[in-house]
Every structure is written in C-alpha cells, then in structure tokens.
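*Asks:* Sequence:
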Amino acid sequence: MKQLVVILICLIQFCGLMAQDTPSVAELNNVNKGETVAEGQAVIYGVFIQRLDKKSKGYPQYICIEDTKTLQRYMFKVKPAMKSDKENIFCAHIPSGTYRIISYYWVVSNWYGGTAHNEPVYKGIKVDKNFNRLLHNGQVKEEDLQTYTFTIRPDMANYLGRWNFGVEPATFDDDKETLDSHISELYPAIDFSIARKALPF
Numbered sequence: 087m088k089q090l091v092v093i094l095i096c097l098i099q100f101c102g103l104m105a106q107d108t109p110s111v112a113e114l115n116n117v118n119k120g121e122t123v124a125e126g127q128a129v130i131y132g133v134f135i136q137r138l139d140k141k142s143k144g145y146p147q148y149i150c151i152e153d154t155k156t157l158q159r160y161m162f163k164v165k166p167a168m169k170s171d172k173e174n175i176f177c178a179h180i181p182s183g184t185y186r187i188i189s190y191y192w193v194v195s196n197w198y199g200g201t202a203h204n205e206p207v208y209k210g211i212k213v214d215k216n217f218n219r220l221l222h223n224g225q226v227k228e229e230d231l232q233t234y235t236f237t238i239r240p241d242m243a244n245y246l247g248r249w250n251f252g253v254e255p256a257t258f259d260d261d262k263e264t265l266d267s268h269i270s271e272l273y274p275a276i277d278f279s280i281a282r283k284a285l286p287f
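Counting from 1 along the sequence shown, just add 86 to a position and that's the residue number in my numbering.
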C-alpha cells in the first residue's frame, strides 16, 4: 500500500513538472491485446532500456514528448509499475505528427520511498548533477542543446527502435526484426511486419 501511494505521488509530481511550461500533458494510452491501429491515429512501439535495475523497484518510468507543430505534450510509460526488468517493450496509441523528446522521468527507490528525477534529454549531452553548473558557466552552450525528433505517420504502426537510457547520453538503435518476432504474440491484431521505421534522430 505504501508503495502504491508513493507511485501516485511521484506521478502527480511528474505531471506538475511537465505542466510548468505547457497548459497540459496528456498520457498516451497503451495498446491492449486485440486492439488495432485506430483510424486516423497511429501506434508507436519499441524497447526501452531503463537507467536503473533493482533500485527502480516498482516505480513506473515515463518519457515526455512534444508535438513540434501544436506544442501539445504527451507522456507514455516505458517501464510499468511493479516491474524492475532492465528492458521493457512499449506500445501506445498516438496522434500522427512530428515529435521531439523532452524528458525522461524515473524514480530511485530508497528506504523512505523514492527520489524522483525529471531529466531533460539532449543529443550527445550527458545530463547529470553537473549539468546546470556547466550550462551556467558556459561550458555547455544553449545552441548545443538539440533534441531528438521523430515523425509518426497515421493509420499504421511506427517502430521507434531500441531506446537505451541505461547509457548516457541515450542511444537509439534498430532491432526491429528481433522485436517484431516477439511483439506480434502480445498484439496479434497489428501487423508489425509492415510497420514504418521512425527512429529518433
């Protein structure tokens, strides 16, 4: 019960942090078994490698993205609650559009509950406890802060790759064939063999 309360508090904190720069953050709905791609919508899927292992305990983890045209922000779950697996499959419904990755939200489990982190994601830059100091001192320049983007086409599944956030900075690799052979069993109503590759770049 205590862990469920902490998870709820962390989720509320995450939504609050995301809402500081934008009016709202919508959570993308996970694809359920038997569901297909909704007309006019799209599906994103891939594998996420989390930063932690045992210390992530039962806390969920999220990625926040932003539509570059509408500036609407979305979050989607890349590690479910009550699982500490290093790698997890994600599969969610999403409107079509071009998106940029905003941040990675994760929680370190400790004896008093958990410590939440909402970490911005930039190309080729490690964001750690020294990041703000380096930015303030000019060792990291504003013009260096480029975000990863990806484009989602409607009426189809879009493969986003193998997102490795276990390394810093994160990497995005193509392992579609391996994932497709497994994910089709989880979501049999979607033909992943014809999914479009949309890896962040």
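No wet-lab data here; the hints were simulated from the structure.
From a predicted model like this one, the values you see are computed outputs, not experimental measurements.
Mixed in with the good hints, there may be bad ones.
[Said to hold, decoys possible] DSBU-like cross-link-like pairs, simulated, lysine-lysine; straight-line CA separation at most 35 Å:
1) Lys119 to Lys215
2) Lys163 to Lys212
3) Lys119 to Lys172
4) Lys172 to Lys215
*Asks:* All hints, please: hold or fail.
*Replies:* Quick rundown of the hints versus the structure:
1. Lys119 to Lys215: violated (40 Å)
2. Lys163 to Lys212: holds (22 Å)
3. Lys119 to Lys172: holds (23 Å)
4. Lys172 to Lys215: Status holds; Cα separation ~23 Å.
In summary, the structure is inconsistent with hint 1 from the numbered list given earlier, while agreeing with all the others.
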